[in-house]
Amino acid sequence: MIASFSTLLPPGLLLIAGAILLPLVPARLSGAYMLMLPVLGFLQLLALPAEASVTIELFGLTLELLRVDRLSLLFGYIFHIAAFLSIIYALGIRDTMQRVAALIYAGAAIAALFAGDLVTLFVYWELTAISSVFLIWASRNERAYRAGMRYLVIQVGSGVILFVGLLLHYNETGSIEFDHLGLSSMGTALIFAAFGIKCAFPLMHNWLQDAYPEATVTGTVFLSAFTTKLAVYTLARGFAGTEMLIWIGALMAAFPIFYAVIENDLRRVLAYSLNNQLGFMVVGIGVGTELALNGTAAHAFAHILYKALLFMSVGAVLLRTGTAKGSELGGLYKSMPLTAAFCIVGAASISAFPLFSGFVSKSLIMSATVDNGYLWVWLVLLFASAGVVEHAGIKVPYFAFFGPDNGTRVAEAPRSMLIAMGLTAFLCIAIGVYPAPLYLILPYATDYDPYTVTHVVTQLQLLLLAILGVAVLMRTGLYPHEQRAINLDFDWIYRKAAPIAISTMVAVAAPVDAGFRRGVISRFNRLVDGLFRHHGPRGILARTWPTGSMVLWVAILLASYLIIYYL
Amino acid sequence: MKSNRKWWLDEPRNRDKLYYALWAVCVLIIIPDLFYDKHTYHEFEAWFGFYAIFGFVACVALILLAKQLRKLLKRPEDYYDR
Chain G
1 MIASFSTLLP PGLLLIAGAI LLPLVPARLS GAYMLMLPVL GFLQLLALPA EASVTIELFG
61 LTLELLRVDR LSLLFGYIFH IAAFLSIIYA LGIRDTMQRV AALIYAGAAI AALFAGDLVT
121 LFVYWELTAI SSVFLIWASR NERAYRAGMR YLVIQVGSGV ILFVGLLLHY NETGSIEFDH
181 LGLSSMGTAL IFAAFGIKCA FPLMHNWLQD AYPEATVTGT VFLSAFTTKL AVYTLARGFA
241 GTEMLIWIGA LMAAFPIFYA VIENDLRRVL AYSLNNQLGF MVVGIGVGTE LALNGTAAHA
301 FAHILYKALL FMSVGAVLLR TGTAKGSELG GLYKSMPLTA AFCIVGAASI SAFPLFSGFV
361 SKSLIMSATV DNGYLWVWLV LLFASAGVVE HAGIKVPYFA FFGPDNGTRV AEAPRSMLIA
421 MGLTAFLCIA IGVYPAPLYL ILPYATDYDP YTVTHVVTQL QLLLLAILGV AVLMRTGLYP
481 HEQRAINLDF DWIYRKAAPI AISTMVAVAA PVDAGFRRGV ISRFNRLVDG LFRHHGPRGI
541 LARTWPTGSM VLWVAILLAS YLIIYYL
Chain P
1 MKSNRKWWLD EPRNRDKLYY ALWAVCVLII IPDLFYDKHT YHEFEAWFGF YAIFGFVACV
61 ALILLAKQLR KLLKRPEDYY DR
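For the record, the sequence lines run as chains G and P. So for the first sequence, the numbering used here puts the first residue at 1; every next one is plus one. So for the second sequence, the numbering used here puts the first residue at 1; every next one is plus one.
Only chain G is shown next, with the shape it has when bound in the complex:
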């Protein structure tokens, strides 16, 4: 097959190469240069021949650097779009470290989508972890540094687990191909766990709420798009139809919303809500039918956009006011009306209001779940849907823009941020109003129609009455106030309990240990003294046998060698 080099260059490498050359580009051209990269990457995707494949031989292994199918293409499209929009949003931030990190991160995530084998996947898996942590450290404060450290340990740890899993899997099957794996062996179970960590499964989720709100204003927007959706993609490819995922997903959709209700930092509220949205996608993967997997893919596509939009609007608030805490904000619609409007579009989209993107994607998953007889899971997801309205639909826009006015007046968001938010909001509405193009690129052909009378009416009933519930509680004063406080989550185990346990252990063990050492040392000293007395320059043995000490030491050495040998 003769194909030009450009069409067979694995997608994503363009962004990585572009990032490395970025410091050489003159400052006034750097914005245009960065925007060009995802555009070229997108065009390259369009030009990829169907079923294209590039393989190389390395250490006797066949690495498939490029493997194209409908699932990877869909994620490839949205990753490029997300990179493009996030770059516009970040144009005003002239921090070369952040720019390089963001481009490498996006490029690595895209390249991982097209990895046909587990070794290639592992390389990009770790590269996303290592590059993305700089978006957190770029906040350049102590909190961000420590949160970034925890993030890095967990993310790189997920890669290590992936690597051990792939070694076991290779040992057993002789294959490193990345196709459907299923929970069939220890190796694939480890790979599943690695994906699960990056997908923020319950109890492995805290890195997300811990690290994302500490990243820079623009860094969080990048972070929200790639890491977890790469994990969703790998789960969909490797573990579609694994029933355990249905239960994991239902739990993920339900429990973070309780935290979202009482969390004060609005970026952390959005992180919990990101977790909840991943739950819907994971349920879709677990159900595993064509309709369900279409739903997961569509929901990932729509979700990346509205979640980015929400993080963008809250980020603009943080940039202008210096805080993203609900307890400190309010009345900002007066000075940031456009940002407020864009935030509402994002809120309506994530809440799945008809005519907004979440409606046309989430309903595929809901239909697939109830279709396959998972009544209780479906009810949990319905509950979670009402919960989304509460925390992302009402709480975030309300406390940022419409809460009690504390008199703060700031400037509207910078122009580049407004353009990014405007474009993203446009896409959220466009997908909701006209979902046909999105449905056309789904992994499986579909004739699904979300706009039936039943569906629209029942969805509006669910959402509007949920809003009424919030309104009634606010009027009656039962709604929990935003408070300057944090809430304990599972990360308490490794941020508080483990350090305390270790320091307690040290405190108890230290005197014992010190006593033991003192005993050993004094015994040793006595031994040396004794030896010195007998073998030293004035010692009896030294006088009688000048080579005595030497011989004794050789004997001791030989004896210990023998003992060690027989052990």
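In short, the hints are calculated from the structure, not lab data. Remember, it's a predicted structure, so these values are computed and weren't measured experimentally. Treat each hint with caution, since some may be false.
To be verified - Derived DSS-like pairs: lysine-lysine, alpha-carbon spacing no greater than 25 Å straight-line: (1) G:496 <-> P:38; (2) P:67 <-> G:496; (3) P:17 <-> G:334; (4) G:334 <-> P:6; (5) P:17 <-> G:496; (6) P:6 <-> P:17.
Keeping the supplied structure of chain G fixed, place chain P upon it in accordance with the hints.
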């Protein structure tokens, strides 16, 4: 920068208006249940106002439960820094 300009939403009367308008919309959106043929997977979905009641109860229950949860989980902001 402070501003004394009065906005429409600043008026408590107007906030009341919005609140009652929401009630009106919610009543209106349940009415179609009387007139159309719901396409459902389960019998209970077809009950009058099922989705509406579910949405309201779910949301209120969520918020009140979360409020209780706060008693257990709330810590000062510098909890991890100490």
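Quick rundown of the hints versus the structure:
| no. | hint | in the structure |
| --- | --- | --- |
| 1 | G:496 <-> P:38 | violated, 52 Å |
| 2 | P:67 <-> G:496 | holds, 24 Å |
| 3 | P:17 <-> G:334 | holds, 20 Å |
| 4 | G:334 <-> P:6 | holds, 10 Å |
| 5 | P:17 <-> G:496 | violated, 48 Å |
| 6 | P:6 <-> P:17 | holds, 17 Å |
Violation of the numbered hints given earlier is confined to hints 1 and 5; the remaining hints are satisfied by the structure.
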